[in-house]
Amino acid sequence: MCVTHRYACSWWAAVQRGGRLTFFPGRIPAGSPAVRVLAATAWGVAILCLLPLVYLFVRTLQIGPGIARILGRARIWQVGGNSVALTLAVTASAVCVGTSLAWLTTRTDLRGRRFWSAVTSLPLVLPSYVGAFALIAALGPNGMLQAVLAPLGVERLPSIYGFPGAWLALTLFTYPYVQLSVRAGLRGLDPGQEEAARSLGLSSTQVMWRVVLPHLRPSIAAGALLVALYTLSDFGAVALLQFNAFTREIYVQYTAALDRSAAAVLGVMLVGLTLLILRGEYHLRGRGVHYRSGPGTARRQPVVALGRWQGLACGWCALVTLLALGVPLLVIGYWLVQPASVANPWAGVWGQTMNSVSAAGVAAVTAVIAAFPVMVYSVRRPGRSSRWAERCGYLGHALPGVVVALALVFLGARHVPRLYQTGPLLILAYVILFLPLALGPLRAALLNLSPRLEEAAAALGATPLRILRTITLPSVRPGVWLGLALVFLTVMKELPATLILGPTGFHTLATRIWGATEEALFTHAAPSALILVVVSAWSLWIILQQEESVR
Amino acid sequence: MPTWAWAVLLLVLVWAGWTRLTWLSGREGAADLVIYSGRSEALIADLIAEFEAEQEWTIHVRYGQTAELAATILEEGANSPADVFFAQDAGALGALARAGRLQVLPTELRTAVPAPFRSAQDQWVGISGRARVLVYHPDRVAPHELPTHWDDLRDPAWRGRLGWAPTNGSFQAFVTAMRVTRGMDATRDWLIGLRDLRTRSYARNTPIVWAVVAGEIDAGLVNHYYLHALARQRAEPLPIRNHYLDEVLVNVAGVGILDTSARSEAARAFIAFLLSDRAQRFFTEETFEYPLTGRVDPHPDLPPLSALQTPDLDLDDLDDLEPTLNLLQECNIL
Chain C
1 MCVTHRYACS WWAAVQRGGR LTFFPGRIPA GSPAVRVLAA TAWGVAILCL LPLVYLFVRT
61 LQIGPGIARI LGRARIWQVG GNSVALTLAV TASAVCVGTS LAWLTTRTDL RGRRFWSAVT
121 SLPLVLPSYV GAFALIAALG PNGMLQAVLA PLGVERLPSI YGFPGAWLAL TLFTYPYVQL
181 SVRAGLRGLD PGQEEAARSL GLSSTQVMWR VVLPHLRPSI AAGALLVALY TLSDFGAVAL
241 LQFNAFTREI YVQYTAALDR SAAAVLGVML VGLTLLILRG EYHLRGRGVH YRSGPGTARR
301 QPVVALGRWQ GLACGWCALV TLLALGVPLL VIGYWLVQPA SVANPWAGVW GQTMNSVSAA
361 GVAAVTAVIA AFPVMVYSVR RPGRSSRWAE RCGYLGHALP GVVVALALVF LGARHVPRLY
421 QTGPLLILAY VILFLPLALG PLRAALLNLS PRLEEAAAAL GATPLRILRT ITLPSVRPGV
481 WLGLALVFLT VMKELPATLI LGPTGFHTLA TRIWGATEEA LFTHAAPSAL ILVVVSAWSL
541 WIILQQEESV R
Chain P
552 MPTWAWAVLL LVLVWAGWTR LTWLSGREGA ADLVIYSGRS EALIADLIAE FEAEQEWTIH
612 VRYGQTAELA ATILEEGANS PADVFFAQDA GALGALARAG RLQVLPTELR TAVPAPFRSA
672 QDQWVGISGR ARVLVYHPDR VAPHELPTHW DDLRDPAWRG RLGWAPTNGS FQAFVTAMRV
732 TRGMDATRDW LIGLRDLRTR SYARNTPIVW AVVAGEIDAG LVNHYYLHAL ARQRAEPLPI
792 RNHYLDEVLV NVAGVGILDT SARSEAARAF IAFLLSDRAQ RFFTEETFEY PLTGRVDPHP
852 DLPPLSALQT PDLDLDDLDD LEPTLNLLQE CNIL
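Line order of the protein sequences matches chains C and P.
Residue 1 is where the first sequence starts when you use this note's numbering, and the numbers rise one by one after that.
Residue 552 is where the second sequence starts when you use this note's numbering, and the numbers rise one by one after that.
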């Protein structure tokens with residue numbers, strides 16, 4: 001305690017002095033072969049992620065002076081403004097919901113904590129088009145809620161369409177990104193620091209604001225970034241909820257006008273917007289150290305007694321779960337019990353499940369492996385080169401799936417026809433689209449690992465590979481598991497890239513749900529939707545168990 | 552579980568995944584025919600399986616949205632693996648034809664269907680017809696209120712009671728048809744008129760039909776078959792009806808053979824199969840669409856095709872979407 005206390009005092013003094021901690025980069029000696037290999041691998045991954053951008057520029061350059069006409073439309077800017085407003089609102093609310101749920105389910109004596117911890121992260125497994133559809137059925141005009149309230153004299157609910165609906169739906173289906181990320185962050189916190197702050201006379205509220213939250217900044221920022229990029233690129237929810245976002249504009253250009261050049265110009269604008277967001281995140285994430293530098297091992301964290309807030313906390317968890325998970329499950333259940341219009345709606349579900357799981361599994365492992373060099377490079381060798389390598393990795397996530405898919409059609413069919421419409425190209429599309437889901441958690445995990453440990457090993461003569469195997473990898477395991485989970489679950493519900501780039505005859509649960517709802521055959525879609533939710537929930541549960549057992 | 556066990560498990564998973572993915576990608580030389588279908592698998596998989604069994608051919612079908620598949624074919628260029636494009640609407644076929652991506656069809660295929668339902672340049676042929684109607688709730692729309700002409704919907708009595716789907720291909724084709732037959736100005740007036748009546752926008756046709764059922768709106772502009780498809784799935788009868796106006800646009804789902812196809816014999820056989828009585832009856836019974844060859848009767852719940860007054864229009868013109876989109880954007884609808 002004494003050593004921890006001394007450390008905390010000096011740490012606290014540093015906070016008081018500058019408000020910000022100095023950053024100690026890990027000292028992999030510059031110019032060593034290990035760094036060169038690391039940089040080259042990281043940039044290799046980054047360049048793969050830039051492929052869609054190459055396509056967008058090729059198409060943009062083709063229209064020449066037409067660009068002025070497209071950019072001159074007042075509408076484009078108005079719609080862009082809509083997207084920015086939605087992104088800001090959704091990110092802010094997802095951070096509030098996600099952080100509060102993460103804190104309640106990890107650090108308090110919330111009743112049924114393990115149960116809430118599992119179910120509140122489940123909305124992640126729902127495709128946003130399914131979720132938005134369910135939300136309309138429940139909260140829309142003359143929906144379920146209206147039917148329940150009608151005897152009480154409520155004749156009209158506020159409209160769900162437009163901004164409020166899109167905001168609610170996207171918040172409900174993206175907050176788990178923040179929640180999972182913050183959860184991992186909270187588990188990595190050293191209780192010694194909070195104790196030290198308490199011993200220096202801070203109240204528990206002050207500890208929350210001045211110690212816990214600042215330390216969670218990288219986790220919150222990582223989750224918020226994923227939410228922002230998801231919102232920016234989502235098409236399903238905004239289309240169903242009648243909100244005119246930028247993606248809808250891109251979609252209209254592609255599908256209605258078959259105008260790939262106009263769509264490309266809009267895509268480039270979206271990339272520009274993403275770079276702004278990444279800049280914002282870079283400032284938000286802060287540059288403090290987040291690993292323990294005192295001796296000793298991390299201990300169990302103190303549990304906060306909720307006391308009279310217990311009921312309110314449970315109510316909050318229940319409300320979020322009901323809206324984000326209960327409503328969609330209710331709608332799926334409704335269609336499951338309707339008489340089927342086709343002979344056997346369960347036919348073929350097994351094959352689709354296997355396809356979904358194997359594609360998502362391979363994509364998740366590949367994405368995490370690809371994310372590793374990028375993130376190690378960025379965290380251990382901070383600088384302009386590594387910062388841009390990391391940013392490149394994030395670009396694909398902000399583009400609608402159809403843009404990335406068509407980019408790979410263009411490059412694949414024309415330049416590597418042997419790979420076109422095969423598994424590898426599909427996996428590449430998944431990695432480009434979802435690499436950030438692996439990058440974020442890895443970053444948070446790496447920040448929690450003191451480079452001193454790696455340095456000590458190096459000083460004792462361990463080779464870089466051995467250090468990676470014996471120190472780095474085991475220490476960042478929670479981040480790796482979380483990254484695997486996020487990529488896996490997102491690929492399970494991915495649609496446009498799977499449809500366009502999948503091997504011919506490759507049907508997944510998501511393509512089946514889409515195909516059936518397209519023809520309004522909801523009874524046909526319900527079994528696949530149920531299996532999608534069950535399999536995803538089960539994988540999420542296993543992965544969270546793993547994450548838990550690590551610490 | 553020890554680390555090595557996890558590593559083994561992971562390797563097995565990756566190996567299984569890759570074999571599954573690459574196994575499915577063995578399309579080189581394996582397929583006798585590759586179809587890109589904008590019609591969903593739920594609808595036509597059985598029909599294609601029937602054809603496959605009949606011919607003992609291996610057929611690969613890529614399902615997707617019509618417009619995305621058309622964009623994919625354009626991006627694929629000369630290396631497109633597709634032989635046949637089966638589209639949900641004539642506009643997408645027209646766009647491919649205009650880009651020079653469709654072959655001219657042999658006479659026996661193109662004459663199987665009467666003139667308004669095939670390409671004027673003989674590059675594609677319609678398979679089934681889909682009429683634009685007004686779906687309405689009889690409890691909330693009195694019989695005398697039902698419009699005889701689309702212009703009747705501009706009556707202030709319809710304020711806030713209508714729904715449409717501006718991003719949907721069928722709606723855009725409908726507006727294009729109106730633009731071609733009645734001119735830009737009349738179409739603009741009509742669009743602005745309906746917009747000012749607070750006509751609600753939906754993403755697709757199905758949500759409109761649901762909204763009418765739910766009482767969110769009283770009537771909506773949709774294709775005729777959604778009502779029948781939904782009704783079949785529900786235990787209790789749907790309380791809504793289709794209203795056919797005096798002039799009904801009948802768009803088609805159709806097929807064309809790609810210019811890059813080296814297997815056009817199989818492609819032609821497939822199109823001939825789609826035009827056979829067996830397949831035409833399938834569309835009639837399963838999708839409630841209009842058969843087009845004239846040898847099969849439409850579903851008894853539908854008015855006969857001959858009773859519908861279709862606008863004087865070349866369906867090829869439906870590919871001219873650019874002005875339509877500009878118009879919709881100019882009117883602040885899209």
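Just to be clear, a hint being listed does not mean it is correct.
[Claimed, not checked] To give an idea of the interface, some chain P residues facing chain C are shown, with a C-beta separation under 8 Å as derived from the structure: (1) Arg613; (2) Pro657; (3) Pro707; (4) Ala813; (5) Val847; (6) Pro849.
[Said to hold, decoys possible] Just a sample of chain C residues kept apart from chain P, beta carbon distances all over 12 Å, derived: (7) Leu48; (8) Ile76; (9) Ser100; (10) Asp259; (11) Leu273; (12) Leu284; (13) Gly383; (14) Ile467; (15) Leu499; (16) Thr511; (17) Arg512; (18) His524; (19) Ala525.
It is worth saying that the hints were derived from the structure and are not from the lab.
Note that the Cβ used here is the ideal one computed from N, Cα and C, for glycine as well.
Now the hints, each set against the structure:
With 8 Å as the threshold, the beta carbon of P/Arg613 comes within range of chain C, its nearest partner Cβ sitting at about 5 Å, so the hint holds. The closest approach between the C-beta of P/Pro657 and any C-beta of chain C is roughly 26 Å, which is over the 8 Å cut-off, so the hint fails. Residue-level restraint check for P/Pro707 is violated (minimum Cβ-Cβ distance to chain C is 21 Å; threshold 8 Å). A least Cβ separation of about 14 Å between P/Ala813 and chain C goes past the 8 Å threshold, and the interface hint is therefore violated.
Interface hint status for P/Val847: violated, as the beta-carbon distance to the closest one in chain C is roughly 21 Å, over 8 Å. The beta carbon of P/Pro849 comes no nearer than 18 Å to any beta carbon in chain C, farther than 8 Å, and the hint placing it at the interface is violated. No beta-carbon of chain P is positioned within 12 Å of the beta-carbon of C/Leu48; the least distance is around 18 Å. For C/Ile76, the requirement that its beta carbon stay farther than 12 Å from each beta carbon of chain P is not met, with the minimum near 10 Å.
No beta-carbon of chain P is positioned within 12 Å of the beta-carbon of C/Ser100; the least distance is around 32 Å. With a minimum CB-CB distance of about 7 Å to chain P, C/Asp259 fails to clear the 12 Å threshold, and the non-interface call is violated. At roughly 21 Å from the closest C-beta of chain P, the C-beta of C/Leu273 stays outside 12 Å, upholding its exclusion from the interface. Interface exclusion of C/Leu284 from chain P stands, the closest Cβ pair being 34 Å apart, more than 12 Å.
The Cβ of C/Gly383 sits about 32 Å from the closest Cβ of chain P, beyond the 12 Å cut-off, so the non-interface label holds. Under the 12 Å C-beta cut-off, the non-interface status given to C/Ile467 relative to chain P holds; the minimum distance is some 16 Å. The Cβ of C/Leu499 sits about 4 Å from the closest Cβ of chain P, inside the 12 Å cut-off, so the non-interface label is violated. The Cβ of C/Thr511 sits about 7 Å from the closest Cβ of chain P, inside the 12 Å cut-off, so the non-interface label is violated.
Listed as outside the interface, C/Arg512 is inconsistent with that label: its C-beta sits roughly 8 Å from the nearest C-beta of chain P, within the 12 Å cut-off. With a closest Cβ-Cβ approach of about 5 Å to chain P, C/His524 is found to fall inside the 12 Å limit, against its non-interface label. For C/Ala525, the requirement that its beta carbon stay farther than 12 Å from each beta carbon of chain P is not met, with the minimum near 8 Å.
When each numbered hint is compared with the structure, violations occur for hints 2, 3, 4, 5, 6, 8, 10, 15, 16, 17, 18 and 19.
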